[in-house]
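Colleague: One-letter residues, chain by chain:
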Amino acid sequence: MAEGALALPQVRTASPVSRFIKLIPGVLMLAAIGYLGKFIEQSISAYAKASHLHIPNIEYVLWAILIGLAVSNTIGIPAVFRPGVATYEFWLKAGIVLLGSRFLLGDVLRLGGLSLTLVVLELAIAFTLMTLLGRWFKLKPKLTSLLAVGSSVCGVSAIIATKGAIDADDEDSSYAIAAILAIGAISLFTFPLIGHWLHMSDRAFGMWAGLAVDNTAEATAAGALYSDAAAKIAVLAKTTRNAMIGFVVLGYAIYWASRGQAQAVGNKAAFLWQKFPKFVLGFLLVSILATAAVFNKEQLGSLANLSRWAFLLTFAGVGLKTNIRELKAQGLRPFAVGAIGEGAIALVTLGMVMVAATAFNL
Amino acid sequence: MAETQEQPKSFQLSLDWLAVLTAVALALVVKLGLIHKVPW
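These protein sequence lines are chains A and B, in that order.
Convert by adding 598 to the 1-based position in the first sequence; the result is the number in this note's numbering.
One point on numbering: in this note's numbering, the residue at position 32 of the second sequence is 13, and numbering is uninterrupted.
Each hint should be verified, as a subset may be incorrect.
[What the hints assert, rightly or not] Partial chain A-side listing against chain B, Cβ under 8 Å, derived:
1) F688
2) K691
3) V695
4) F725
5) V892
6) F893
7) S900
8) L925
[Said to hold, decoys possible] With a cut-off of at most 25 Å between alpha-carbon atoms, the simulated DSS-like pairs for lysine-lysine come out as follows:
9) B:K12 to A:K866
10) A:K736 to A:K926
11) B:K18 to A:K895
12) B:K18 to A:K876
13) A:K636 to A:K647
14) A:K866 to A:K876
15) A:K738 to A:K926
16) B:K18 to A:K636
Please keep in mind that the hints were generated in silico from the structure rather than gathered at the bench.
Glycine is no exception: its CB is placed at the ideal position from the N, C-alpha and C atoms.
Please construct the entire structure, taking both the sequences and the accompanying hints into account.
Modeller: Printed below as a string of structure tokens:
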């Protein structure tokens, strides 16, 4: 999961009403940028149609991200908007839960099972690769652990969870977060280009994006840049990857504790539950309700559209939270390890997905 | 070796549940027909 650099410290001590009010300007900013992206896409499309011109369709997703990037990297985000902008991850999770309405439980189990198999392979490859690269580039071992977790599981949230569990330095985690965010931003734009170049099917591309793009917001956006159907599969594959976070963090916690460099884990089941992303349960619940025909066709359409609106706010937030200057300031070595490792992981997962696409007719 | 202390509930954790509750509440609102049709 992604939550980027925008935290909410300034609203933690205020009353709930005051906190809520402080969120409003930033949420409106997300909505305005997201809607502007949608408006630009529709305007260009209408103009092309009226003028009988053949202009390639640029999805609202890309416009929303680009506008967010432009704002964040030129004028910056004024303090009054920051708490609300940081809610983009909330919209992402709510959107994923609502997206459950577009999956029958059988599809979730079938595609989720396939995703899980590929995720386990991806985890093994990613850990081995990142550990070797970390040694090769002489990174601090805990920084290597953080980069391995960030690139293999689910980006920033996984790094934060692991940082606490293995007692890593703040400096190491900020390096790892910066590297993972920068690579996530690059993947977001390059993956759809590669997918089109290889003529990948929506399902195969979605599976690849879900397996290899770090941070759920970026994986969802990469899928949505390809197609609506690809976004759906990308979310499912990424959610499966997210569900593994507890096991991976627990593994690293036990490893570092055995070396006397982190506190031992007491109740392992409680630890796993604490780290488990609960929105996965919401996604499954809504999928079960949809499978049980609780909603009619029109209601399912409405839930799918609510999910799209939630993602619209998320995509605006993806652009707004990416500050290129801050990422550059973090130094080159962790980024180089992350980029080489991620490039290799992207290639290996692409190969796995290509094989799975042929074998399972994705 | 000291055991890991129970970490304070993070924003991350409550955010997950808040997102689930919000989404389920929205689904209920749609189911009950309080929102007839959500456009896109």
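Colleague: Is K12 of chain B within 25 Å of K866 of chain A, Cα to Cα?
Modeller: 39 Å, violated
Colleague: When you check the alpha-carbon spacing of K18 of chain B and K876 of chain A, does it fall within 25 Å?
Modeller: Not satisfied, since the Cα-Cα distance of roughly 28 Å exceeds 25 Å.
Colleague: Take the shortest C-beta to C-beta distance between S900 of chain A and chain B; is it under 8 Å?
Modeller: Check passed: Cβ of S900 of chain A comes within 4 Å of chain B, closer than 8 Å.
Colleague: Does the CB of F893 of chain A sit less than 8 Å away from some CB of chain B?
Modeller: 6 Å, holds
Colleague: What's the verdict on K866 of chain A and K876 of chain A, does the C-alpha distance respect the 25 Å limit or exceed it?
Modeller: 17 Å, holds
Colleague: Quickly compare the C-alpha distance for K736 of chain A and K926 of chain A to 25 Å and report which way the hint goes.
Modeller: 20 Å, holds
Colleague: Does the nearest C-beta of chain B fall within a distance shorter than 8 Å of the C-beta of V892 of chain A?
Modeller: Given a least distance of 7 Å, the restraint on V892 of chain A holds.
Colleague: Taking 8 Å as the limit, does the beta-carbon of K691 of chain A come near enough to a beta-carbon in chain B?
Modeller: 3 Å, holds
Colleague: Regarding the pair K18 of chain B and K895 of chain A, is the alpha-carbon distance no greater than 25 Å?
Modeller: Given pair K18 of chain B, K895 of chain A holds - Cα atoms ~11 Å apart, limit 25 Å.
Colleague: Quick one, is the L925 of chain A hint okay against chain B at 8 Å, beta carbons?
Modeller: 22 Å, violated
Colleague: Would you mind confirming whether the straight-line C-alpha gap from K738 of chain A to K926 of chain A stays at or under 25 Å?
Modeller: At roughly 20 Å apart (the allowed maximum being 25 Å), K926 of chain A and K738 of chain A satisfy the hint.
Colleague: Verify the interface restraint on F725 of chain A: the C-beta must sit less than 8 Å from at least one C-beta of chain B.
Modeller: 22 Å, violated
Of the numbered hints stated above, those contradicted by the structure are hints 4, 8, 9, 12, listed in ascending order.
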